[in-house]
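Novice: Protein sequences, first through last, are from chains F, V, C and A. Counting from 1, one number per residue, gives the positions in the first sequence under UniProt numbering. Counting from 1, one number per residue, gives the positions in the second sequence under UniProt numbering. Counting from 1, one number per residue, gives the positions in the third sequence under UniProt numbering. Counting from 1, one number per residue, gives the positions in the fourth sequence under UniProt numbering.
Hints may contain errors.
One-sided excerpt, in silico: chain C residues whose CB lies under 10 Å from chain V [what the hints assert, rightly or not]:
#1 62
#2 66
#3 71
#4 85
#5 86
Please keep in mind that the hints were generated in silico from the structure rather than gathered at the bench. Think of the CB as a built atom: it goes at the ideal place given N, C-alpha and C, for glycine as much as any other residue.
4 protein chains.
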Amino acid sequence: MTSITLAQAQTIVAGTLKEGRALSLKPLSVVVLDAGGHMIAFAREDGSSNLRPQIATAKASGALALGVSSRVIGEMSIERPTFINAAAGLNPAGIVPAAGGVLVRDASGTIVGAVGVTGDTSDNDEAAALAGINAAGLAA
Amino acid sequence: MTSITLAQAQTIVAGTLKEGRALSLKPLSVVVLDAGGHMIAFAREDGSSNLRPQIATAKASGALALGVSSRVIGEMSIERPTFINAAAGLNPAGIVPAAGGVLVRDASGTIVGAVGVTGDTSDNDEAAALAGINAAGLAA
Amino acid sequence: MTSITLAQAQTIVAGTLKEGRALSLKPLSVVVLDAGGHMIAFAREDGSSNLRPQIATAKASGALALGVSSRVIGEMSIERPTFINAAAGLNPAGIVPAAGGVLVRDASGTIVGAVGVTGDTSDNDEAAALAGINAAGLAA
Amino acid sequence: MTSITLAQAQTIVAGTLKEGRALSLKPLSVVVLDAGGHMIAFAREDGSSNLRPQIATAKASGALALGVSSRVIGEMSIERPTFINAAAGLNPAGIVPAAGGVLVRDASGTIVGAVGVTGDTSDNDEAAALAGINAAGLAA
């Protein structure tokens, strides 16, 4: 398998939002990008604020841009703030250095896309993303 | 009703893609924006190319920016190319002057959002968008 | 007098919108900028679409940028499209090359600001702007 | 009520500036945005400096972007500076993380727009915004 299908992406979105409701999180926005960083599916729950599409996308796109989760990018941004700042300026979708952007891999470990979630705390956003990826039978 | 809910937006997306398959159209991308131009839901069918998310969004966002469908904007762009070009540069999401971006109105005629579709001919893109809006019981 | 006061700008806005209603124009947006191109007052009538603030501003700002009305810029854009296109890219607020952006002068002929109107045809937009400037006892 | 009308927005602006004069604040700039972040009304008092339109707008737009007041965004920017910095880069109007950007809600609690004020201290800017919202019979 070399890319996430729309059917898989929609399963990820549904699984992420189901987890958000199960955990009583604030309204979430969730995006699924392919390995090239191009959007496959997106959903913004009622009450999720205006910039959430861009924040979700910048978490996922940043993860693909640097090859690590946005949680790791958050850690890098503390140690090397000028590097992450500069990299964010180079990425058309930007980079948000906070947990919630998760790389998706196939059975062989190849990166096939990324999921980005925003709306609650970064830790909760990431937990919902992981639940969504799991619902689709894929690996983070 | 004062805005499109996520449930309605997902119904619009599903209805649009169902129409695309019924008409054997090329792979489609479809976006639903709220009245402020912020994304609620998006789907890109397998095989739909990289820039389709931005093109779908620029059709729908352009319709909201100028208050008319992207079909009318396409006509305006022939009569007044410099005006539409300048307006496109002012809209953060850009403006694509071709059919497929359709305003959505509530029962009172108030604009509550817009749908953007791309992937086949502009006429077919618009037909699929209209089918999606109809599937959600809303008016174009 | 060297600049438009807020009181004068609000009189221009009110006079412009009054003219729009008297002529039964579509919903208008109107901006008043000082000679430096910085906004003093703005109003968008109910039903005026999302990008109208930027379009009104780009008409008025363009007039100040080149020292002629946006009507003249529209004529220039036909004769010298690449020049106007390039200039638009240099102006942070952009340039919209269509009537409706009018320079405002004091009794000595010095430019003290500009008015930008959008929503109906360019000719009607300009007529409303001129009525607003007249209402404030200033000269176009 | 599903959106702020121009009449309401002009009442908010007048109420904000009246409060500023009652409290002898420095010259203020005040903007009212709809729920999508698009400008409805704006006024800049005589003596208010050049960038005030953008600062007022970035306070109000930032509040809508993240779904909280710009006062809260100011607190977030101390705890999570890289997140707010990144989000600011994603919002076309930017984000100013300081008090003075206040969300406006209708009777049902739905966000219908935002007010942004700048010119004096952030606390005073916010007090003037709240007075303006109150003058229009709306809730912060």
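Novice: Go through the hint on residue 71/C and say holds or violated, using the shortest Cβ distance to chain V against 10 Å.
Specialist: With a minimum Cβ separation of about 12 Å from chain V (threshold 10 Å), the hint on residue 71/C is violated.
Novice: With a cut-off of 10 Å on the beta carbons, see whether residue 66/C makes it to chain V.
Specialist: violated (14 Å)
Novice: Verify the interface restraint on residue 86/C: the C-beta must sit less than 10 Å from at least one C-beta of chain V.
Specialist: violated (12 Å)
Novice: Does residue 62/C hold up as a contact with chain V if the rule is Cβ-Cβ below 10 Å?
Specialist: holds (9 Å)
Novice: Under 10 Å, Cβ to Cβ, is where residue 85/C needs to be relative to chain V, so tell me if that hint holds or is violated.
Specialist: holds (8 Å)
Of the numbered hints given earlier, the model fails hints 2, 3 and 5; all others are met.
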